[in-house]
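K.L.:
Under the working numbering, think of the first position of the sequence shown as 3, with each following residue one higher.
It should be emphasised that the hints constitute simulated quantities derived from the structure, not laboratory data. Honestly, I wouldn't trust all of these hints.
What the hints assert, rightly or not - Calculated lysine-lysine pairs in the DSBU-like style (CA-CA distance at most 35 Å, straight line):
| id | residue 1 | residue 2 |
| --- | --- | --- |
| 1 | Lys213 | Lys45 |
| 2 | Lys151 | Lys161 |
| 3 | Lys68 | Lys41 |
| 4 | Lys151 | Lys110 |
| 5 | Lys130 | Lys110 |
| 6 | Lys151 | Lys130 |
| 7 | Lys103 | Lys41 |
| 8 | Lys151 | Lys109 |
| 9 | Lys213 | Lys132 |
| 10 | Lys128 | Lys144 |
| 11 | Lys109 | Lys161 |
| 12 | Lys190 | Lys103 |
| 13 | Lys68 | Lys213 |
| 14 | Lys151 | Lys128 |
| 15 | Lys109 | Lys31 |
| 16 | Lys190 | Lys213 |
| 17 | Lys110 | Lys213 |
| 18 | Lys109 | Lys190 |
| 19 | Lys68 | Lys103 |
Claimed, not checked - If you anchor each label on the Cβ, the simulated ranges turn out as follows:
| id | residue 1 | residue 2 | range |
| --- | --- | --- | --- |
| 20 | Glu216 | Lys61 | 32 to 42 Å |
| 21 | Asn207 | Thr46 | 30 to 40 Å |
| 22 | Asp157 | Tyr224 | 34 to 44 Å |
| 23 | Arg114 | Thr46 | 37 to 47 Å |
| 24 | Thr46 | Glu153 | 44 to 54 Å |
| 25 | Lys57 | Tyr15 | 21 to 31 Å |
| 26 | Asn207 | Phe162 | 15 to 25 Å |
| 27 | Ile127 | Lys31 | 39 to 49 Å |
| 28 | Pro241 | Lys61 | 54 to 64 Å |
All residues carry an ideal CB built from backbone N, CA and C; glycine is no exception.
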Amino acid sequence: MFANIEILSNNTYNFSTFTYTIPSKLVGKAQQGSIVQIKFRNKTLLGIIINIDDKSAIKKVNQIEKVLFNLNSLQYRYLQYVALVNRINIGILIFNMFDIKNFHLQKKTNSRSTTNLTFTQINKIKLKEKNIFFVPSLKHSKLLHDELKDEIHIDYYQKFGGKDELNKIINNNENFSNTILLSNNFEKITINNDCNYIFYDSNSNAYKLPKLNELNIIESAYLKNSLFGGHFIFISEFPNF
Numbered sequence: 003m004f005a006n007i008e009i010l011s012n013n014t015y016n017f018s019t020f021t022y023t024i025p026s027k028l029v030g031k032a033q034q035g036s037i038v039q040i041k042f043r044n045k046t047l048l049g050i051i052i053n054i055d056d057k058s059a060i061k062k063v064n065q066i067e068k069v070l071f072n073l074n075s076l077q078y079r080y081l082q083y084v085a086l087v088n089r090i091n092i093g094i095l096i097f098n099m100f101d102i103k104n105f106h107l108q109k110k111t112n113s114r115s116t117t118n119l120t121f122t123q124i125n126k127i128k129l130k131e132k133n134i135f136f137v138p139s140l141k142h143s144k145l146l147h148d149e150l151k152d153e154i155h156i157d158y159y160q161k162f163g164g165k166d167e168l169n170k171i172i173n174n175n176e177n178f179s180n181t182i183l184l185s186n187n188f189e190k191i192t193i194n195n196d197c198n199y200i201f202y203d204s205n206s207n208a209y210k211l212p213k214l215n216e217l218n219i220i221e222s223a224y225l226k227n228s229l230f231g232g233h234f235i236f237i238s239e240f241p242n243f
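Sequences are here, hints too, so could you generate the full structure?
P.N.:
Pasting the structure below:
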């Protein structure tokens, strides 16, 4: 059997998939949505299986080395939707946006809601034990912190874009009650029932990511909410748009 794989990389390789054989020991384990370890151009990289075929026209094909874990059908469907809407492949989407180990733990929550508020209604938010505010820029992060600091305790607000700082915060987020993060970290968070996910200034064009074909975090948030649930709040000047 053969697997067509997209490389988890910042290079789309012209949107190509690459064919690998599935060794007998991995038959039944390797499937659509599997995150696998492969050799690619003399490097050990990760990839995601897009589909599986019984035959291949390619004569010399490398083997998949290892299946790390499998995304379920709902998780894979979400990646498909976001990649299709934004005309990018799934591999580059994962590489740029996701903590794929966290995402494969994402389950459908027990409840779902979306609320749209104006800036003047921000005090109407019924805060939960945990609240994550997403903002489109570092400037927004500081502005929102200054607006909220006299009302609620902010455990952390993002001042820099550094990966080391961010990974430390996301991995310890369960210890925080109120956090302000840049919106491009949205896909690194696991959605659950016990947290509000609040998108500040949700009509801002800064929620679009130019290097990913204008991928819009707000559109992704609505889609993720419809598939996985969670309590999402969108705050903007014109909340009906």
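K.L.:
Could you run down the list of hints and mark each one as holding or not?
P.N.:
These are the hints, each one checked on the structure:
| no. | hint | result |
| --- | --- | --- |
| 1 | Lys213 - Lys45 | 25 Å, holds |
| 2 | Lys151 - Lys161 | 15 Å, holds |
| 3 | Lys68 - Lys41 | 10 Å, holds |
| 4 | Lys151 - Lys110 | 32 Å, holds |
| 5 | Lys130 - Lys110 | 19 Å, holds |
| 6 | Lys151 - Lys130 | 17 Å, holds |
| 7 | Lys103 - Lys41 | 20 Å, holds |
| 8 | Lys151 - Lys109 | 32 Å, holds |
| 9 | Lys213 - Lys132 | 31 Å, holds |
| 10 | Lys128 - Lys144 | 22 Å, holds |
| 11 | Lys109 - Lys161 | 30 Å, holds |
| 12 | Lys190 - Lys103 | 9 Å, holds |
| 13 | Lys68 - Lys213 | 31 Å, holds |
| 14 | Lys151 - Lys128 | 16 Å, holds |
| 15 | Lys109 - Lys31 | 20 Å, holds |
| 16 | Lys190 - Lys213 | 18 Å, holds |
| 17 | Lys110 - Lys213 | 30 Å, holds |
| 18 | Lys109 - Lys190 | 14 Å, holds |
| 19 | Lys68 - Lys103 | 15 Å, holds |
| 20 | Glu216 - Lys61: 32 to 42 Å | 40 Å, holds |
| 21 | Asn207 - Thr46: 30 to 40 Å | 39 Å, holds |
| 22 | Asp157 - Tyr224: 34 to 44 Å | 27 Å, violated |
| 23 | Arg114 - Thr46: 37 to 47 Å | 39 Å, holds |
| 24 | Thr46 - Glu153: 44 to 54 Å | 49 Å, holds |
| 25 | Lys57 - Tyr15: 21 to 31 Å | 23 Å, holds |
| 26 | Asn207 - Phe162: 15 to 25 Å | 22 Å, holds |
| 27 | Ile127 - Lys31: 39 to 49 Å | 44 Å, holds |
| 28 | Pro241 - Lys61: 54 to 64 Å | 58 Å, holds |
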